[in-house]
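All the letters of the sequence shown, read from the start, carry residue numbers 2 to 504 under the working numbering.
Think of the hints as simulated: they come from the structure by calculation, not from any bench.
Remember, predicted model here, so these are calculated numbers, not experimental data.
In this text, a Cβ means the ideal position worked out from N, Cα and C, and glycines have one as well.
Derived DEER-like restraints, expressed as beta-carbon distance ranges:
id, residue 1, residue 2, range
1, Glu286, Glu371, 46 to 54 Å
2, Lys60, Arg428, 54 to 62 Å
3, Lys312, Arg193, 39 to 47 Å
4, Thr90, Ser265, 31 to 39 Å
5, Glu292, Ile496, 44 to 52 Å
6, His167, Glu187, 24 to 32 Å
7, Phe182, Arg428, 51 to 59 Å
8, Glu187, Lys60, 13 to 21 Å
9, His420, Arg193, 32 to 40 Å
10, His420, Lys291, 18 to 26 Å
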Amino acid sequence: MPDQNPAPRKSIDNNDDRIAVIDIGSNSVRLVVFDRLDRTPLTLFNEKQMCGLGRGLAKNGHLNPEGKALAAKTLTRFSSLLSRLGVSTVFATATAALRTAEDGVEFANKLHRDTGLDIEVISGEEEARLAAMGVIAGMPDADGIVGDLGGGSLELVSVADQQHHHHTSLPLGPFKFPDSFKNQKEAAEYIRKQFAACDWLKEKRGKRLYAVGGAWRAIAKAHMEQVKHPIHIVHAYAMPYAEAVDFTDLLSKQSRSSLEKMSSLSSRRIDVIPHAALLMRVLLEELRPKELSFSSYGLREGLMFDRLDAKQQALDPLLYSCRSIEARNSRFDGSAALFRWTRSLFPEETASEERLRRASCLLSDFCWAEHPDYRAEHAFLRVLRSTMVGITHPERVFLATVLHRRYGGKFDAHAVASHVLDDRLHRKAELLGNALRLGQNLCGGAENVLDHMPLILNDKRLILQVPAAFSDLVTDVVERRLNAVAKVVGVNPAIEPSTDEAA
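Work the whole structure out from these sequences, hints included.
Here it is, written out as structure tokens:
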């Protein structure tokens with residue numbers, strides 16, 4: 002695995018490193034300013050304006066006049082703002098609306114004259130590729146089909162092994178979709194015929210479907226509201242196939258007044274939700290994926306990821322983020338020793354479980370500066386609500402629960418943990434959290450301590466081996482925390498002398 006150590010972040014006041022991405026879509030125009038080109042760049046500024054450039058495009062072939070005026074005003078603001086921020090590296094892309102409208106190129110040229118922005122009108126294939134790169138950036142193990150729904154088109158791309166393969170762009174966005182169908186049955190049949198023309202789609206049946214785009218993210222938010230999901234983060238939110246089909250079928254048949262009652266839905270999205278839901282339902286029925294997963298990473302993040310070299314792209318985004326947090330917030334560089342020291346407690350852990358244990362160790366000292374009465378709470382919420390990617394919702398809750406317990410939090414303090422984690426993961430999180438609490442207390446951040454005081458777990462006892470040279474580090478506090486670890490695995494704690502000559 003490539004070195005996961007991040008380069009030290011420069012101050013975010015260093016404008017030379019900042020990169021801006023402008024995405025001119027059929028429905029919205031958005032500006033995102035990132036702190037630098039990085040595996041997990043920080044978002045410094047994010048603004049979106051719903052312009053509706055593609056509204057009416059299917060009827061007359063031209064961009065919406067009101068949308069053009071609003072987009073021009075918005076992009077003038079963005080250009081001025083970037084100049085005042087001193088951001089000189091700007092990537093401005095336009096997608097389906099400007100690509101297909103008769104006046105699209107003319108409008109892009111006018112925007113360049115008025116704002117100075119160099120706008121690249123990208124092809125459908127390039128739009129699909131960048132969307133896939135975005136999903137891979139946020140979900141490196143993605144294996145299936147990426148579907149990116151914009152206002153004008155639906156991009157479909159197959160992904161596996163951190164590579165994108167087949168791709169196609171279909172004119173199925175809400176602004177390009179014909180409105181002549183008598184009912185949803187006719188509309189669904191039209192959509193099926195579009196999918197049938199993509200022979201390669203059949204090869205990915207039974208894999209995962211990764212949904213990208215604002216309208217599809219709105220569906221995720223609506224489902225979270227319905228099931229009372231405790232984590233209001235769209236990225237990596239997942240739904241089983243049958244549940245996804247039923248819910249999208251339900252949404253596609255709702256009236257505007259019914260949709261307005263859902264607090265999770267933006268009023269600006271409501272008009273396109275029935276179409277977006279119908280399109281998703283038909284795609285689900287076509288692919289029959291084992292799971293539907295939503296990605297907040299898409300074209301903009303893909304554009305950034307695409308500019309990294311192969312070594313940077315191969316980095317694990319979760320571990321990279323955790324190392325960045327450790328570098329900025331931890332007092333001691335002891336995570337590697339903690340990782341080695343806790344290995345004996347998890348002899349049968351899988352590769353994914355080992356990865357989460359490593360992430361937990363990296364974050365084990367990141368809340369030291371908080372008030373001691375609130376460290377556990379802060380650690381839990383900070384991890385739960387972080388922008389970290391490369392992690393599922395259950396994994397996110399597991400990591401938050403580990404850190405909550407590491408700082409002495411009561412294990413049943415958060416209903417979110419019991420809502421998301423099963424009993425096995427509950428127990429594993431409590432065990433690891435208690436072990437990190439013991440390890441941090443035992444060594445106090447000092448180097449070359451834990452490697453000389455190993456934990457040994459067998460069927461009856463949890464033994465802390467202590468060389469004579471380290472015996473003065475063992476106090477009643479250490480004993481209490483050793484007892485807490487042993488209690489989770491149901492064995493007796495013991496402290497025994499060691500013959501570690503290196504000590």
